[in-house]
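If you read the sequences in order, they're chains F and L.
Read in this note's numbering, the first sequence has 235 at position 235, and its numbers run on one by one without any break.
Read in this note's numbering, the second sequence has 1194 at position 194, and its numbers run on one by one without any break.
If you are wondering where the hints come from, they were derived from the structure by calculation, not from laboratory data.
Keep in mind it's a predicted model, so treat the numbers as computed, not measured.
Here are the simulated lysine-lysine pairs, BS3-like style, with alpha carbons at most 25 Å apart: (1) L/K1203 with L/K1179; (2) L/K1179 with L/K1206; (3) F/K332 with L/K1140; (4) F/K14 with L/K1130; (5) L/K1130 with F/K5; (6) L/K1131 with F/K332; (7) F/K423 with L/K1054; (8) L/K1097 with F/K332; (9) L/K1140 with F/K5; (10) F/K5 with L/K1131; (11) L/K1179 with L/K1154; (12) L/K1130 with F/K332; (13) L/K1097 with F/K5; (14) F/K14 with L/K1131; (15) L/K1178 with L/K1097; (16) F/K14 with L/K1097; (17) F/K9 with L/K1131; (18) L/K1097 with F/K9; (19) F/K9 with L/K1140; (20) L/K1130 with F/K9; (21) L/K1140 with F/K14; (22) L/K1008 with F/K423; (23) F/K5 with L/K1110; (24) L/K1110 with F/K9; (25) L/K1109 with F/K5; (26) F/K118 with F/K90.
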Amino acid sequence: MNIFKLSIKNIISKPLNSILSLALLILGIGIISLLLQLNSLIKTQMDNNLKGIDMVVGAKGSPLQLILSAVYHIDSPTGNISVEDAEEIKNNRMVGSSIDLLYGDNYKGYRIVGTEDKFLDLYNAKIKDGKKWNAPFEVVVGAKIYSKLNINLDDELVSSHGLRETGESHVNQSFKVVGLLEPSNSVVDQLIITSPQSIWDLHDEHDHDDEDHEEHHDDEDHDEHEHDHDDEDHDEHEHDHDDEDHDEHEHGDKEITAMLIKFKSPMNIIQFPRQINENTNLQAAVPSYEISRLFKLFGFGIETLTYLAYLIILVSGFSLFINLFNSMRERKYEMALIRTLGASRSQLSVMVIFESLILTISGFLLGLLVSRLGVMFVSSLMEESLNYSLSSLYILNEEFWLLGLSILIGLISSLIPAIQVYKMNISEILADE
Amino acid sequence: MIKTRGIKFDYNNQVFFEFPDIEIKTKENLLIIGNSGIGKTTLLHLLAGLLESKSGSIELFGKEISNLNSYQLDTFRGENIGIVFQRSHFVNSLTVKENLELAQFIANKKDNNRIDTILKSLGILDKSDKKTNQLSQGEKQRASIALAIVNSPKLILADEPTSSLDDENCDRVIKLLKKQASEFNAQLIVITHDNRLKKHFKKSIKL
Chain F
1 MNIFKLSIKN IISKPLNSIL SLALLILGIG IISLLLQLNS LIKTQMDNNL KGIDMVVGAK
61 GSPLQLILSA VYHIDSPTGN ISVEDAEEIK NNRMVGSSID LLYGDNYKGY RIVGTEDKFL
121 DLYNAKIKDG KKWNAPFEVV VGAKIYSKLN INLDDELVSS HGLRETGESH VNQSFKVVGL
181 LEPSNSVVDQ LIITSPQSIW DLHDEHDHDD EDHEEHHDDE DHDEHEHDHD DEDHDEHEHD
241 HDDEDHDEHE HGDKEITAML IKFKSPMNII QFPRQINENT NLQAAVPSYE ISRLFKLFGF
301 GIETLTYLAY LIILVSGFSL FINLFNSMRE RKYEMALIRT LGASRSQLSV MVIFESLILT
361 ISGFLLGLLV SRLGVMFVSS LMEESLNYSL SSLYILNEEF WLLGLSILIG LISSLIPAIQ
421 VYKMNISEIL ADE
Chain L
1001 MIKTRGIKFD YNNQVFFEFP DIEIKTKENL LIIGNSGIGK TTLLHLLAGL LESKSGSIEL
1061 FGKEISNLNS YQLDTFRGEN IGIVFQRSHF VNSLTVKENL ELAQFIANKK DNNRIDTILK
1121 SLGILDKSDK KTNQLSQGEK QRASIALAIV NSPKLILADE PTSSLDDENC DRVIKLLKKQ
1181 ASEFNAQLIV ITHDNRLKKH FKKSIKL
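Turn these sequences into a full structure, and let the hints steer you where they fit.
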């Protein structure tokens, strides 16, 4: 037996006394820790997917939507842009490299992206089994998808139009799985990747039966015709004639959904996007800028919630103080007895402080546990709606700060009860019986 | 050897007590008898070092306790004095045995054999793992005697140990106290208003 064990026994013997303070503390610590975790996880996840992308070019619309759809693949595309327009931007001397993206179809909710080989390098994604896509309708599947849907090499996938599972199926054509990717901890894990040609082919057949036909007669097409007078485009024209998309060609040209661009020099990030937005019918968005804007929007909510959580912690400290104060009064004969057995004043005070600290530190640990469960819960929600997931069991630096806060709360709450016990007049208490 | 000279005490300059001198030799027991309100508990607390006398001297086993500071007094009390209160007090979150272990920890005298010896001698060894509030009144009194003697004190102070008991139990308790005191080589001072105890003591003082 020692003072520490005595403190533990005291807490355990009357669990109801401390349960409210403990619950409040767990709630407060849990909320703050959950917010910290989510903030850091989402930031890392977002930053991971942002590497090597200075600018995204797509159709006019919301810049944030363009970023969310082209970089994170969690929103609908803003529209399509013509290959000619994209070419023009690619040829600009400020552009270092670019990657075309075509999306708008899914397989069981997971997005199918038509893109170039470079796309994999951007995320450091490597083929685990099989090979890269080559011929039309060959696909490579991200790690999360094949492990979740149990997809193997040579499986045939029938895609649906749109970004939801419920979209109309492309029944005439299916994709063949030729490769599986290693987990890369980036957005690639939740994508199905194929060549741009596959998407074009898929939609040519599809569009025939569609009212899309009329759309192609719109003003866009007039532009195309003018372009066609140029030599360059003419060649492509001829070439395409031999292809199977004969019809498509007569009405317009191939389109892509968005383009990821890396500049030659980071300096261009200021001027170039503005030029595009002002002088062309395309939209350029800078991901780092849009994401920090998004976080600012979130930030207000997070801040409010954090203050609320601190308030809860404060209340838990107050409740802990009251419960210690009452408990000391209830146990005054016990205290007097322990003193008559030879314990010093400070030993009793230490016992009170221990009782308080044991509660706040276990509150901290349980709060951390709650926040981890919270992360799992939020992750499962995101997985369901966005096919995105988060996981982390790291302890953040800010959480060590929370441990400090819990200890501080424990010390402050027990200060007055400890002094009260220290100053206790044992003779008076014992004579009172 | 227990010796007091001219002890005086007052509560806030309103209630004054002057106590007769006490002197008992080694192995002697003492009965201090007096009516309510005459300062019996005050005297016991003075002897135990729970109160500080305003004047006079209290010498226990060669040590003048009024010269000790608060911390030394606590240590001295833990090592040398066991107190049996009128009403039994325990640490309620602990079992009988754990209470005794706590007492040993405080006096820095860990000895599990002694705990069993004492509980056996008091006839409550089978209650050692019970919480103290599960004990009967008689068992509680035995357990509180155990708590007073677990650290082998040289002096056992008992405050009204028999006041609420019938004749038969009064007899039983005082015999038990005397037996434990002699068995474990302690001197016993009982402070009471209970005249029934007179026949059990050779030496007594009236306040």
